Each structure stands twice: as structure tokens, then as C-alpha cells.
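**Student:** Given next are the chains, with one letter for each unit.
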Amino acid sequence: MNTIIKEIEAPLLKSNLPKFDVGDTVKVFVKIVEGGKERTQGYEGVIIKHSGHGVGETITVRRVFQGIGIERVFLVHSPRVEKITVQRRGQVRRAKLYYLRERTGKATRIKEKVVSRKEKEALAQAKAAPAKAADKAPAAEAQAQ
Amino acid sequence: MRLGLMGKKVGMTQVFDKNGLAVPVTVVKLGENIVTETKTKEKHGYTAVQVGGFKVKEKKLNKPELGAFKKKELAPMEPLKEYRVDDVSSYKVGEALPLETILTEGMKVDVRGKSIGKGFQGTIKRYNAGRGPMSHGSKFHRSMGSIGAGTTPGRVVRGLHMPGHMGDDNTCARKLTVVRVDAEKGLLLVKGAIPGAKGGLVVVTPSITKWN
Chain X
340 MNTIIKEIEA PLLKSNLPKF DVGDTVKVFV KIVEGGKERT QGYEGVIIKH SGHGVGETIT
400 VRRVFQGIGI ERVFLVHSPR VEKITVQRRG QVRRAKLYYL RERTGKATRI KEKVVSRKEK
460 EALAQAKAAP AKAADKAPAA EAQAQ
Chain A
25 MRLGLMGKKV GMTQVFDKNG LAVPVTVVKL GENIVTETKT KEKHGYTAVQ VGGFKVKEKK
85 LNKPELGAFK KKELAPMEPL KEYRVDDVSS YKVGEALPLE TILTEGMKVD VRGKSIGKGF
145 QGTIKRYNAG RGPMSHGSKF HRSMGSIGAG TTPGRVVRGL HMPGHMGDDN TCARKLTVVR
205 VDAEKGLLLV KGAIPGAKGG LVVVTPSITK WN
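Top to bottom, those sequences are chains X and A.
According to this note's numbering, the stretch in the first sequence is residues 340 to 484, in order.
According to this note's numbering, the stretch in the second sequence is residues 25 to 236, in order.
The shape of chain X in the complex, shown without the other chains (with noise of 0.2 Å):
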């Protein structure tokens, strides 16, 4: 990339970002405006599709709810994007899991990923330090449905 561009995204970029890949389950922290007020949702699924660089960079996370398949895409380095936590890593072997998308139940199941025992525990340390957020979330989200 242009090292003038570089330059500009570089202040944009975020640097506490979590290692993070397709197949892997995700939860991502969402700054939501409602009714004038903003909050944080929390929004769970597997990343389906990992694309761009820099400033441009998403993931695409499904989740399957009350039986319809929803797809967000993420502007990973947006501040509306406050934060994003690996719940679980998976191994897959594609790039893009659009298979999931004509699978339902017990065949939507990803292995999960052999990791070692420090980054395990960097995993559960992570997933633990939300847990405040997230009890918060599902209520939420309940509500915006």
C-alpha cells in the first residue's frame, strides 16, 4: 500500500485488537444510538468471511436466530465497533464458510481448534473479563428484536 495512506490509517487502526480468524466464534461489541442514548450490544456468531486491509477491514459474522440465518458485516477498526472477543476457535478448512449457509443444526458444527495451553488461557481470560457486558447484552438484544 501507498506509504501516504499508510500514514493516514495508521492513527485509525486498532492496536488491542485480538487474534481472530474464520471459523472462529465471536462476540462483538456494538455502539448502538437509541432514542438518543447510546449502549453497547453485544452480537455472537462465526465469522464466515474475513476481507481487506487497514482501515478497510471486516468480518462477517453469522449467527443463526429463532431459526433465520442473520449475516453482520463489521468495520473491525470503526469505534462503533468498541470490542470484539474470540469465544471460540475453529478449524476450517476454507477461506470463505458459505457453506454454512445451506446447513442447518448438528451440520453447522465447527471443530474446534487445537490451541496451545497460553493462548487457551488468554481465551478464557478474555471471554471472562466481558462478563458484565454480556450479561447485559442478550436482554438487549431481546429488546431490538
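Simulated from the structure, these hints should not be mistaken for lab results.
Take these hints with a grain of salt, some might be off.
Said to hold, decoys possible - Distance windows between CB atoms, simulated:
{"#": "1", "chain 1": "A", "residue 1": "Thr233", "chain 2": "X", "residue 2": "Leu356", "range": "44 to 52 Å"}
{"#": "2", "chain 1": "A", "residue 1": "Asp193", "chain 2": "X", "residue 2": "Leu352", "range": "47 to 55 Å"}
{"#": "3", "chain 1": "X", "residue 1": "Arg433", "chain 2": "A", "residue 2": "Asp206", "range": "40 to 48 Å"}
{"#": "4", "chain 1": "X", "residue 1": "Ala461", "chain 2": "A", "residue 2": "Ile148", "range": "50 to 58 Å"}
{"#": "5", "chain 1": "A", "residue 1": "Gly223", "chain 2": "X", "residue 2": "Gly374", "range": "44 to 52 Å"}
{"#": "6", "chain 1": "A", "residue 1": "Asn43", "chain 2": "X", "residue 2": "Lys452", "range": "34 to 42 Å"}
{"#": "7", "chain 1": "A", "residue 1": "Pro157", "chain 2": "X", "residue 2": "Lys452", "range": "43 to 51 Å"}
Only a predicted model underlies this, so the values are computations on that prediction, with no experimental measurement involved.
Each residue gets a CB set at the ideal place from its N, CA and C atoms; glycine is no exception.
Chain X is already provided as a structure; the job is to place chain A on it using the hints.
**Tutor:** What follows is chain A alone, placed relative to chain X:
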């Protein structure tokens, strides 16, 4: 004419506004924009300022061009552009155009440049014409249809859309918002796309006052 600034298109990226929404921007690296000559009513019959866009190496210019710069004790510059102004007294040869007063954040600008050349193209790409079926026995694929009637009028109407050279035209993208001006680095961020390839010359001028 309003004063403008010459620059080079760097490429596109996105930045975030104060609400946290992504704004697509094109980055323009502005040139030096140094006044090389002022034209006066008495001497030239009209008033204007001549501006050099970018400093270049001596070998890039020919002898007569270099001679003009030597005479004024200026560094060689390219390209030269004239802006018609009513009063030239505030512009001095060798001084850069005032970036801050010409461009400010949030204002509307017009960006002129040369569009990317597409070569010789057919009517489908060039004028968004339709095409025939590509299969099922069809022999009419991407070619033009009829170009007119027969004996009456007995000629092809002028300006009919036909295949030919596309792109590499002077184009103007109007009413674009200035997102950021970085005078120190000579960078300009304009919302949206602007004409031309990366590295291409563009001239940024404020839009007419109706919008500013």
C-alpha cells in the same frame, strides 16, 4: 476564475467522522504551487497569476523553459497554469499560493483531472448500449444495430453513438466535500472519488460560491 491548487491523486481510503461512521476519501498530494509570473493589464492585456505545480529536475525541462526560470531565479517547475484574478498585487513571484485561504475543511470543491484511458471501446461499454443474446443460435452479440434509415434521410445523423476511443478525457468531479487539509504534509482529503489514475494530475478549485 477562482484560484486552484495542483496536486497528484494518491489513492482512496476511509476515515471516520465524529459519529464514528466511515467516510470514503480520496487522498491528494498537493504540489508546491509557487507563483512564477503575474500578468498585468498594461503589459499582457489581462490580469492573472501563473503558477508552477511541482518542482522538477532540470533535465525534465528544455532550454527555453529553463531559461525562463533562471531569469526569475526560481527552481524549475512543471506544469504551469494560469488563474485569472482581478488583482495581482497580493501575489509575489516565488511565493507559494496560500493553501489555508483557498481550501478549508468542510467546503465544497471541484476536482478536475484526466479520466483513466479505456482505449477503443464498443457501444456497450462506451454508451451503455444493450447487447443481443450470446447463445441459442443468436448471431447478434455485441455489435451495433442499425445506424439509421435508408434513402431518407440518406445519411447518418450527426453525433450517433458509435464505437471509438473512450476515457483519457478532461473530467470534473463537482461539489465534493473537503474532509481534511494537512498543510504541513501538503495533503488533502476529499470525500468521494475523483477523476484519473493514481499519480495523475488534478486541479482542486473551490466550487462556485452558491455552495460555499
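**Student:** Confirm or reject each hint.
**Tutor:** Checked hints:
Take Thr233/A and Leu356/X: their Cβ atoms lie about 45 Å apart, and the range 44 to 52 Å holds. At roughly 37 Å, the beta-carbon separation of Asp193/A and Leu352/X lies outside the given 47 to 55 Å, and the hint is violated. Separation of Arg433/X from Asp206/A is about 42 Å and conforms to the stated range, judged on CB atoms against 40 to 48 Å. For the hinted restraint 50 to 58 Å between Ala461/X and Ile148/A, the CB-CB distance of approximately 55 Å keeps it satisfied.
Our hint of 44 to 52 Å for Gly223/A and Gly374/X holds, since their Cβ atoms are close to 48 Å apart. A C-beta distance of roughly 37 Å is found between Asn43/A and Lys452/X, which places it inside the suggested range of 34 to 42 Å. A hinted range of 43 to 51 Å holds for the C-beta pair Pro157/A and Lys452/X, which are about 49 Å apart.
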